[in-house]
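First residue of the sequence shown: 72, per the working numbering; consecutive thereafter.
Hints are computed from structural coordinates only; laboratory data are not their basis. A hint or two may mislead.
Said to hold, decoys possible - Once the Cα atoms are required to be at most 27 Å apart in a straight line, the calculated DSSO-like pairs of lysine-lysine come out as:
1. 299 / 364
2. 397 / 249
3. 382 / 272
4. 228 / 342
5. 292 / 228
6. 249 / 228
7. 277 / 342
8. 417 / 228
9. 382 / 299
10. 272 / 364
11. 364 / 273
12. 292 / 342
13. 270 / 342
14. 290 / 417
15. 292 / 417
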Amino acid sequence: MIRSRTAVSRSALRKGEKLLKGNSTMAVSVSAASLLLAHTILNETSLSYAMPSTTATDDDFQRWQQVIAERIEAANHSHIGQRLHKFGKQIFERGIMNFQILSEEDHEQQQQQETKQPAAHFPSLRTHLLINNDTNQMHPFQLNANEPIPIENDFFKGHITILLRPLHSHHDPNYIHKIPSHIQSEAPDTTYYFQLQGKFKKNMRKNQIFVGGELTDPKMKLSTATRKISDLVLRLLNRTGGGQMSYSFGGSKEELPHISFPVQTAMYTHKVGKYNGNEDDDDDDESDYWNTKDTYILSYSARSIDLARWKILHPFEINLERFWGKSDLRLVIYERDDARLEGLKKNYLFNLQLEHLGGASMAASSTIGSSSSGLSRSTTQLATSPGKY
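Whenever a hint applies, use it, and build me the whole structure from the sequences.
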């Protein structure tokens with residue numbers, strides 16, 4: 072995990088408060104409110120992290136306790152009311168004792184402690200993040216940062232986490248602990264983890280937002296046989312995936328070599344503070360659009376590719392230079408508009424360019440210090456600055 076920072080969202084607390092006040096039956100309201108709080112704690116803390124902006128304070132819990140106390144008083148302390156009050160009190164006490172509620176000072180102190188941890192070292196890669204679609208301005212990017220990195224462009228604002236398995240364990244001793252626990256248990260050999268959390272700046276059609284990889288070299292240097300085999304494999308993959316995959320071997324200025332899938336089918340997507348079956352939830356999950364009012368979590372993990380070693384691992388090991396040559400790789404999330412594909416730049420929500428520095432850097436990785444990563448001192452500062460949104 073990035074960190075076990077437990078948080079309960081204020082929105083969920085207010086939903087429970089509304090539920091408490093709205094029900095006429097005290098027993099139902101208290102038990103439902105207590106269960107909702109327990110549900111909130113368990114679900115929201117199962118994420119790899121919870122952003123500080125959603126953290127509930129002691130005042131929020133005290134207000135909830137006051138509301139429950141008023142409901143108990145109104146019920147004249149009936150036998151069932153006393154039992155439910157005891158149960159609810161246990162929930163609150165466990166929430167406060169076992170689940171950390173950070174004050175601003177505590178949170179700042181923990182952030183300072185985390186920034187002291189050394190940045191992860193990737194001697195075989197140089198990484199840059201696109202921060203301006205119009206000017207193609209790139210900024211150095213720290214992989215395996217100790218905190219989610221702030222990201223903002225014309226289309227999205229939030230935080231990004233990218234974790235790669237390092238060449239050697241001493242390059243990032245905490246790598247395995249940064250991976251969310253549920254992924255560790257399901258796939259302990261995970262080599263790649265990606266999580267984007269934040270808000271869209273405009274409503275965007277779900278079937279037009281794609282995630283994938285593209286090359287900077289406009290044409291892949293493949294033999295005729297390799298190209299035919301690759302095309303056959305990709306066609307079969309596209310068919311089994313419902314025909315929504317987009318791919319190209321390049322060859323034109325308008326379209327770079329790439330493979331991508333719709334975000335809604337390729338990634339795990341989740342709305343912060345939304346729960347199935349809650350009467351306050353709207354029907355946005357069934358909408359054709361990513362909206363601007365909800366905070367989304369988009370995540371993906373893999374164990375078939377090792378980018379630090381520039382290799383595919385499964386179903387068999389292949390060096391990526393065999394297909395990509397010396398081209399850089401871009402990990403991208405972008406808006407695809409079928410009506411405007413010809414000659415138009417993509418609208419990137421996320422674009423991270425990875426340059427492989429070759430075998431010499433990998434061979435010397437055990438003796439070269441952290442400065443060999445190709446990142447400036449300001450890069451480390453960016454990587455460990457959590458920011459808020």
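#### Entry: Numbers of the earlier hints that this structure fails to satisfy, in rising order
1, 2, 3, 5 and 12
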